[in-house]
Structures are given as structure tokens and as C-alpha cells.
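Trainee: One-letter residues, chain by chain:
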Amino acid sequence: MSDSLRTPMKVAQGLGSARSGAHHFMVQRITAVALIGLGLWFVWIALEMLHLDYAGARALIARPLNAVLMISFVIASFWHAQLGLQVVIEDYVHTRWLELASQIAIKFICFLGAAASVLAIIRIALASGPLGS
Amino acid sequence: MPATARPLSPHLSVYRWQIQMMTSIVHRGTGIFLAFGTILVCVGLLALAWSENAFAALRAFCASWIGMLLLLGWTWSLAFHLLNGIRHLLQDVGLGYAPATFVRNGWIVTIGSFVLTALVWACVFAQRGGT
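Protein sequence lines correspond, in order, to chains A and B. Read left to right, the first sequence gives residues 1 to 133 (the working numbering). Read left to right, the second sequence gives residues 1001 to 1131 (the working numbering).
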């Protein structure tokens, strides 16, 4: 710093501030709190599905409360996964281009996973017929 | 990458083993493994929306030995990440930092994760036996 003519303010600007720096931390905790309840609910649903046939399993997910909770579960899961994997990559991947590529890839995969899951749940909930054969 | 080969922390090789080392790295490991689990949840929902045959194929995979092993791994990972996550949330509000409490909670999380896994799989085999 001593050999630079820039002021400390100029050096710090644009690198994140107290206004937005805690955002990642907060969202990670909020999705974590949501996933305590949703995760336990998901285990119950998975156990329920064990003794159901195809029609029964669809009917279980199609129930409005279950459909809403399942949509919440997949969104919270993929969001929390993206935030967690982001930190792992920040910590261990030190090659700049590889770090950027993995961060973007994980964001894309998590978004696509959540979007595909939500579409599947909506189709099941609205009793749309099977997509394939 | 450091320009000079100076010693860097953490000096894992000189530390005595402690429970918090294990819970810390296992929290990361289970988190990464659970991220792959979310993809299976997505595939499961898509199979359910797709067709009876697709759902039957997924069921057959889950009932195979490799599928069961993966599901057992995901159950334990979820149990550990859930319990240790609750511990982290309590620590975020400033609770449980006294050394004795910290170590005790580490063991509660570790033993609790195996207890939870056993409970879930007891339900699995009870339901299987009942039908």
C-alpha cells in the first residue's frame, strides 16, 4: 500500500462492502433453516413412496400441500447447494479460468435442476398426462 | 500458489487429532455429496412426470445394491449435514463455544447422525417387510 499513490478508499471500492458482503452468508443460513423442516418432510415423503405404485406416488405429490412443499424443497436445496459449492471452489480452485468456469457451470446446473424439478412437480400437480411412454 | 515454500497454516501434520477437525471436513464432504443427491431428486421427479416405465426403471436402480449403497450414503450425509448444520446455526448466534461444550456437541452430531440413519432405514425395512 505504501508504494501506491491510491488512497485506501480507492483500493477498497468495488471489492464488496458491508452493505452487500453479508448477503451470501445470510442466504446460506436462511436456506439452511428452511431445509431443516423441508429436509425432514422430504425424508417422510420418500418413506411414504416406498409402498406406493406409480399412480399412488403421483397422487401423493399432486396433493397441493405436498406440491408446494416439494417446490420449496427443490428450490431451497439447489440454492443452498450452489452457495455451498461456491465456497468450496473459492477455497480450493486457484486457477482463475477454471474457477470462473466451475462457478458458472454450477450456477447453470443448479438453476436448470431447480427449473426442471419445478416443471415436473407442476405437471404432476395439475394431473397432466405422462410426457413419455 | 506461494512464490516461496514458506510454512502455511493449517499445520495439519503437527496437530493432535480433534473431533472438530473431522466434523468440519465431513460437513463439506457430505455437502458436496448431497449436492449430487439433489440431482437424483430432480431425476426422480422427472421420471414421475415422464412415465410409469421411467419411474419403474428408477425404482429398479434404487433397489439394486449400488442404488441402496448410494441411498444409504445420502441418508447418512443428510443426517450428518442436518445435525451439524443445526450446530453451526446455534454457533452463529453465539452458543456452544466453551471448549467442553464444543467437543461434546461434535460427538452428539456424529453419534446422532448414525442413530438417525438407523431410524430411517429401520422404517425402510419395516415397510418392506409389511407389504
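Derived by calculation from the structure, the hints in this document are not laboratory data. Keep in mind that the hints are not guaranteed to be accurate.
Unchecked claim - Computed list of lysine to any residue pairs in SDA-like fashion (alpha-carbon distance at most 20 angstroms, straight line):
id	chain 1	residue 1	chain 2	residue 2
1	A	K107	B	A1126
2	A	K107	B	G1096
3	A	K107	B	E1052
4	A	K107	B	F1036
5	A	K107	B	R1028
6	A	K107	A	R123
7	A	K107	B	L1116
These numbers come from a predicted model, not from an experiment.
Trainee: Taking the hints in turn, state whether each one holds.
Mentor: Hints, one by one, checked against the model:
no.: 1; hint: K107/A / A1126/B; verdict: 39 angstroms, violated
no.: 2; hint: K107/A / G1096/B; verdict: 34 angstroms, violated
no.: 3; hint: K107/A / E1052/B; verdict: 31 angstroms, violated
no.: 4; hint: K107/A / F1036/B; verdict: 14 angstroms, holds
no.: 5; hint: K107/A / R1028/B; verdict: 18 angstroms, holds
no.: 6; hint: K107/A / R123/A; verdict: 24 angstroms, violated
no.: 7; hint: K107/A / L1116/B; verdict: 31 angstroms, violated
In the structure shown, a violation is registered for the earlier hints numbered 1, 2, 3, 6 and 7, in ascending order.
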